[in-house]
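Listed in order, the protein sequences are those of chains S and V. Each residue of the first sequence is one higher than the last, beginning at 969 in my numbering. Each residue of the second sequence is one higher than the last, beginning at 969 in my numbering.
Please note that the accuracy of each hint is not assured.
No copy labels: a pair is met if it fits in one copy or bridges any two.
Claimed, not checked - With a cut-off of at most 20 Å between alpha-carbon atoms, the simulated SDA-like pairs for lysine to any residue come out as follows:
(1) Lys1157 x Leu1125
(2) Lys1356 x Pro1120
(3) Lys1157 x Pro1264
Source of the hints: derived by calculation from the structure; they are not laboratory data. As the structure is a prediction and not an experimental result, all values here were calculated from the model.
There are 2 protein chains.
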Amino acid sequence: MTTIDHTHDPAARSCVPGADGHSDFPIQNLPLGVFSPGDGVARAGVAVGDHILDLAAARDAGLLTGEAARAVAAAEGGTLNGLLALGAGPRRALRAQLFALLSAEGPDRDRVPTLLHEASSCSLHLPARIGDYTDFFVGIHHATNTGRQFRPDQPLLPNYKHVPVGYHGRASSIRPSGVPVRRPHGQAKPPHLDAPVFGPSRRLDYELELGVWIGPGNQQGSPVPVEQAAGQVAGFCLLNDWSARDIQGWEYQPLGPFLAKSFATTISPWIVTPEALAPFRIPQPARPEGDPAPLPYLLDHADQAGGALDLDLEIRLSTAASRAAGLPPHRVARSNARHMYWTVAQMIAHHTSGGCNLCPGDLLGTGTLSGPDLESCGSLLETSQGGKVPIRLESGEERRFLEDGDEVTLVARGLREGFAPIGFGACRALVLPAS
Amino acid sequence: MTTIDHTHDPAARSCVPGADGHSDFPIQNLPLGVFSPGDGVARAGVAVGDHILDLAAARDAGLLTGEAARAVAAAEGGTLNGLLALGAGPRRALRAQLFALLSAEGPDRDRVPTLLHEASSCSLHLPARIGDYTDFFVGIHHATNTGRQFRPDQPLLPNYKHVPVGYHGRASSIRPSGVPVRRPHGQAKPPHLDAPVFGPSRRLDYELELGVWIGPGNQQGSPVPVEQAAGQVAGFCLLNDWSARDIQGWEYQPLGPFLAKSFATTISPWIVTPEALAPFRIPQPARPEGDPAPLPYLLDHADQAGGALDLDLEIRLSTAASRAAGLPPHRVARSNARHMYWTVAQMIAHHTSGGCNLCPGDLLGTGTLSGPDLESCGSLLETSQGGKVPIRLESGEERRFLEDGDEVTLVARGLREGFAPIGFGACRALVLPAS
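All chains, please: the whole structure from these sequences, using the hints.
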């Protein structure tokens, strides 16, 4: 587990304007990503306030050295895969040197401005080449809510409390925040018809998830023990697992979701490191009385003691009409990352338990992180109870599922007394009409 | 569709010894791959008889020019992704020039020997970096046989004859022929127990599939019409979708197969091109009376007229005991690639119909290609009827599922009167005990 150190000092201030107060990216955060300045090539950077620091430029200026310089060298070529592969040591060295460099009292603070780009004038890219993407299903309230729609008497299938259920997702269609999502065509069979029809999805939905970036990875045939699984985590992001419910309902038997999900996945582009999130570690919530204990290959006491995350999560929705009326996005749900039945370490231990190899830059999704009540549902399928009960927006509009022109934003914040608030940056995309 | 030309002349002979007669790789085949000579770096090559021709060396010698040289240039760096991305034009130019170069009467035949490596002294690699791997389920006899074990009255689910069902597989654990496969550990719940157990799989199985290599790919949001889908196919291979049936049975609800498949997939390392397979194109078998017509986005008359493949398929099994006794591998099944309910073009049109982007070097599996009877089943799950009826090998041993030390080889051959036989090379792997 990552420990608390001077880089978490809430009193620390940055020499970069806007990196204090209510920014997602105070000096205590320092998330890693890949950006292009207005006309430049893609390169590695770190977000601080409203700016992005060019890591290679800082290294070239002699301001990042040793292990930190090694981390920067591994991040060349427009993807962070090489840096993620190095694991915690160089990543932590980079954090420590960046913290010193960007400090309001840092000896080199006068040299920082030449290394910065205004974030608003940069493009943000996927931070790594994603080899494989796996989506889990560890949000137990989501599993229960959606299961109840099909099986009122037995919402959770018999394996749920034994197996961190997951499936392989589509890596090629993952895009960073800001890239619009086109409503997919697909096959669906409405209940009142005898045969399926092909056309634009009529039940387009979002899913609120966390993404987990894999660091060093493992060799095929060599499982990662649960006790070592945290060392495989290079960081976190927000993930919107866009879902076409009508396509999903017709296609998913017997091999699982396919085209209902593969048209697009949106992630927040900054990799928020385990170090930045150390203050927000909490014990894994106790299993309800009567639930089975995890099998030994999934059980590590240190993981149980501090393997969960306390992060506030929100879903915000704006519509064409609400934007025209100048209304702010409507908060359609508020949840928390603690609503995971399995920890990230358990997901990784399970994923590799049969010998499957994870690689640097692989991405895991947690599954939808709904809370226990209707106001904390991470998908419209749940909030609208299968499309039966619309939600009312501040604009006066109603929604059962997403309409063209809707824009969905996911937000995550770590908030804890005695620590600086940490944000993830936006995970946002606009729904375009089917072509 | 690819047409028949002089490169299919069955009378053609190669200047390379062993490239005639019963080789998998006569001059009419010319499959593409990536190999390393004994001590050399990975490079692009073409198989001919018992040899591999170094493509860059041939180009450097001035023996491949124009579009063919462009294809070779795109194949540098130890993967063929760039070549696959170029599509049919450069690939066909390369075939035509290689045919002329390797011909027994070719004007440059004396220069060929310096470009060759003995295949037995080379290592074969994956021919491309596989971004995403998708496995379909188009073998209707397999779907029926396995469905019957769970639902005797309704083996095929209602969507089967409307949707080319598929799911995302694991790309990272795909390995070329020859790499052993370690028996996975995993969770399973035997019927006589109340709770699951974790241990080595006891129901390890093979699956006989064809693999399809994707060529140019498509932009996200821009589906590939079925009429243009054949242009996305860069070639074919054999694919063994190793499956742990006990893990699969417990984990797969509701999101599909995951660890039951992701520990390993074995492919034959040569990309057999659409051009080489042109003689073996046949009409898609007529749908049985009463089956629904494909929806318009899946229906192209040219595809129906010639989109299926007539390829003999075999599964061969040797055991530690049979090898010790000097017995040849036992043929446990013989099938044919024609047993696909959906064509490859339909798979691609469906996969992209919602906007999902395919990329050069993506791999599709067809799903298990069982024939209609017990001798043509592509998995032991079918042959042994769910493990109830063992098969007897020539060694006197019995098998319900695979045992440690078993070696499985998949074989494919195109055989048609008036044409040279075409092979795929072996897709072979040995089962190692769980670690």
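Exercise. Check Lys1157 against Leu1125 for me: Cα-Cα at most 20 Å, and say if that holds within a copy, between copies, both or neither.
Key: between (24 Å within a copy, 13 Å between copies)
Practice problem: State whether the alpha carbon distance between Lys1356 and Pro1120 is at most 20 Å within one copy, between copies, both, or neither. | Solution: within (16 Å within a copy, 35 Å between copies)
Quiz item: Is the C-alpha distance from Lys1157 to Pro1264 at most 20 Å within one copy, between copies, in both cases, or in neither?
Solution: Close across copies (15 Å), not inside one copy (43 Å); limit 20 Å.
When held up to the earlier numbered hints, the structure conflicts with none and fits them all.
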